[in-house]
Amino acid sequence: MTPEQIIERSRELVAQPLGTVAERWKAEHPGGRTVAAYPVWAPAELIHAAGMLPLSLLGGGTSVELTHADARFQSFVCSIAKSTLELGFQGQVKGVDGLVFSNICDVARNLSSIYQRNFPGTFVEYLHLPQNSTSAAVGEYAAAELRRLAAAFGDAFGLTASPAALAKSIEVYDALRARLRALYALRIAEPHKLSTVELYTVLRACTLVPPEEGIGWLDVLLAELPRRAARARDRLRVVVEGAFCEQPPLGLLEVLEEAGCYVVEDDLLLGWRWFTTDVAGEGDPFERLGTAYVNQAVPSSTRHESRQHRSAGLIEKVRRAKADAVVFMPAKFCEPALFDYVLMKQGLEREGIPHLLVEFEEKMWTFERTRNEIETFVESMLFD
Amino acid sequence: MTAVTERQYQGQVHEHSRRLMAAWMDELSRAEAEGRPTGALMISGNCVELLRACHILPMFPEVTALQNAIRKKSLPLILKAEQAGYSSDNCAYVKADIGLFLDGGMGPGKPIPFPTITVCNYVGCNVYVKWFEHLADVSGSKLFMLDVPFVRTAEPSAADVRYVVSQLRELITLGESVSGQKFDIDELREILTHAARAEDGYARAKMLCKHHPAPFDAYFDAINMMGPINVLRGTREAAEFFDVAVAEFEGLVAQGLGPLSEERFRTVVEGPPPYPFYRSFRNLFARWGAVAVASTYSTVGGIWEWGFRHDPRRPLESIAEQMLRENLTNRSIVARYAQIKRYVEEWEADALVIHSIKSCRLFSAGQGDMRDYFTQKLGVPTLMVESDLEDPRYYAEAQIKNRIDAFFESLEHRKLVQSA
Ligand code: SF4
Ligand code: SF4
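Protein chains in written order, with my numbering: chain S, 1 to 384; chain R, 1001 to 1420.
Just so you know, the hints here were simulated from the structure itself, not pulled from any lab data.
We put the CB at the ideal spot given by N, CA and C, even for glycine.
Treat the hints with care, as some may be off.
DSSO-like, lysine-lysine: derived pairs with alpha carbons at most 27 angstroms apart [stated by the list, open to error]:
id, chain 1, residue 1, chain 2, residue 2
1, R, 1210, R, 1415
2, R, 1377, S, 94
3, R, 1377, R, 1073
4, R, 1341, R, 1377
5, S, 26, S, 94
6, S, 26, S, 168
7, S, 332, R, 1080
8, R, 1377, R, 1210
9, S, 345, R, 1401
10, R, 1401, R, 1341
11, S, 345, S, 332
12, S, 345, R, 1080
One side of the interface only, derived from the structure: several residues of chain R facing chain S at Cβ under 10 angstroms [to be verified]:
id, residue
13, 1090
14, 1110
15, 1133
16, 1145
17, 1163
18, 1246
19, 1247
20, 1363
21, 1371
Throw the hints in and build the complete structure from the sequences for me.
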């Protein structure tokens, strides 16, 4: 496949209802099961090690009209929570056998139990991922939590993730993540060769296919893209921050670039790129994965890190990506992103890094106002 | 029909609680001058006993926030925080607290000192993690993240308990370094004995609301007990307070007296109250003769009515178990349905009132589903009204009044039809 074909294939996949993606894979793998993870971190290795297909559960985007879920969740709740529940009501996740949520915020937590109440036939698990980053007990706890999930898969589906299989799956996902890191590095070096819409689309498609297939795509992209004919433009290099859960519409990412930015770093689908390096250690794979969740993690608004200031990770991203500015892009009503905005913004200001705030909703479809805001910001920076 | 009036009973409970809380606030305001270490804590499933045993004076930003709201001082503080970048969509408790700092009402030389340490008991509420990160940032105090796994299985696992106990030990080490005093487990045991007595008293008081009429309003009056149980738990004074309270309520039961001249409707109330309009909100129910016989808000710090008590024989384990299991915030919203159902049945309530709070997604996100469950599945008449616990901008009295009136009118009609 050529890069263009891979990007096109990714586009098609991303546009399909999650249930369709799951059903097709199951048709090719009789007796197979699929489990989808709500943002942010996905225990993909564990699902994979149990012989199932890990998927991302990312709400309904622009494709779902709310008919039931808005009577369940109030107007002041983010869209992804509502549209995820709506997917259930509209049968768009049929074929997905299980859903996994974790403690990213109060809304996601309530959603997990409400989903379970409304769809008792679906397997729903809620993970409590560690928020203490320095306790001596955290590794053991995290490993126990992952073992609990593995046991729950065993009870529900009769499929277990043996330690040997988990070690192998960690290797597979390490390989996938290493390539994603390389692709992100390529975009930092030559952002004109890979637009953010393209990168995001491929990344998202990688969360809908077996990792081995994604690895194949990424190898092609990494080999071919450096040769892609594209002219570098005079644009503002920005880091996008805050879009780690609800998905920004593609149109918004397009507008960002059309209005004069190169996105050189972001926190899109962060959970699928969680580890900064390959998962470390030699011993028990549950412990390795659990410890890595805390000690090898990318900075994230959904995990507390007491070893550094909230803004440190963002500032590091700006420096590493040689960015000129930060575009904060929280989803409307997104608590973790909106709270972090304050401490991060203060940190950026101390460092003299400019920033812009652009709130979005997954179902947003006109972007003119946003375009104007970004253009004004870019102009003020480029012609300063 | 005769008009329902409020019986100005308030009695000793209200005064006594006020006195105890004022004494604690007083102690806090002197802490800095006296060189006493302070520790910020959250209300939900807290480990106040442990701080006490570490000779660290507990302080609760949530209490400051609600007091400012009751005194109608919250809006300027919220606006200050919003000017500094906080979103209008974030929990206003946090904004009022940070606003207090920005306004110069907290910090060195102020009645509300900066905490020496900030202990984030992350029990359910994810906003707690953010709030205390921000508080530690402005105050420069050491943040201790006490991670309490959410209840996601029938009972907390042994791994959950071990994890929390380990962190409690690490907190003790930090406490010793802050206070310069050696931790004494026997002192903690004694504190837990007082705690268990208070818990017992609180539970007994709540059980008395099974009587018709209930001797007090388990939503609006419970606030008088929430200070002693959540903030002062572990002191002898708090334990004695509940002896007094229970005796007073028993006296009312014996006389057949409740908080209103007549108890026409018994409700269960879900969600925190609108503190900036506490009194007027209460009146909207009182005029219908509606008395809360049970409430979920009164269990944010702990659910004592199902029998859990701190156990001085297993001090750290029982603190961990309470944080993990026996409080509303660390349980799922659907587990809350079961709690409410039990209240409706055992306390013989006529209706459920859901006060949906914009600030607090922990309580509110998904309450439409709760309403659906109670009305469709159980056939319990359910009223849902929306406002906020801290931000007065979200309280639309006329609209709320209309909904309450319409609800009780139909409930009255239903009663008439049933009795005919
Ligand atoms: S968008 Fe934000 S508030 Fe909504 S579920 Fe995701 S993290 Fe939570
Ligand atoms: S979200 Fe709710 S529980 Fe959490 S701090 Fe705000 S009011 Fe309190």
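Against the structure, the hints come out as follows:
1. R:1210 to R:1415: Distance ~20 angstroms between residue 1210 of chain R and residue 1415 of chain R Cα, so the pair holds.
2. R:1377 to S:94: 25 angstroms, holds
3. R:1377 to R:1073: 42 angstroms, violated
4. R:1341 to R:1377: Holds. Residue 1341 of chain R to residue 1377 of chain R sits at ~11 angstroms (cutoff 27 angstroms).
5. S:26 to S:94: 11 angstroms, holds
6. S:26 to S:168: Measuring from Cα to Cα gives roughly 22 angstroms; hence the hint holds.
7. S:332 to R:1080: 21 angstroms, holds
8. R:1377 to R:1210: 24 angstroms, holds
9. S:345 to R:1401: 41 angstroms, violated
10. R:1401 to R:1341: Judged against 27 angstroms, a Cα distance of about 26 angstroms means the pair holds.
11. S:345 to S:332: At roughly 17 angstroms apart (the allowed maximum being 27 angstroms), residue 332 of chain S and residue 345 of chain S satisfy the hint.
12. S:345 to R:1080: Between residue 345 of chain S and residue 1080 of chain R the Cα gap is close to 16 angstroms, so the pair holds against 27 angstroms.
13. 1090: 5 angstroms, holds
14. 1110: Violated: closest Cβ of chain S sits about 22 angstroms from residue 1110 of chain R, beyond 10 angstroms.
15. 1133: 6 angstroms, holds
16. 1145: Where the cut-off is 10 angstroms and the nearest Cβ of chain S is about 5 angstroms from residue 1145 of chain R, the hint holds.
17. 1163: The hint holds - residue 1163 of chain R has a Cβ within 10 angstroms of chain S, the shortest such distance being about 4 angstroms.
18. 1246: Nearest chain S Cβ about 34 angstroms off; hint violated.
19. 1247: This interface hint is violated because 39 angstroms lies over the 10 angstroms limit.
20. 1363: 9 angstroms, holds
21. 1371: 9 angstroms, holds
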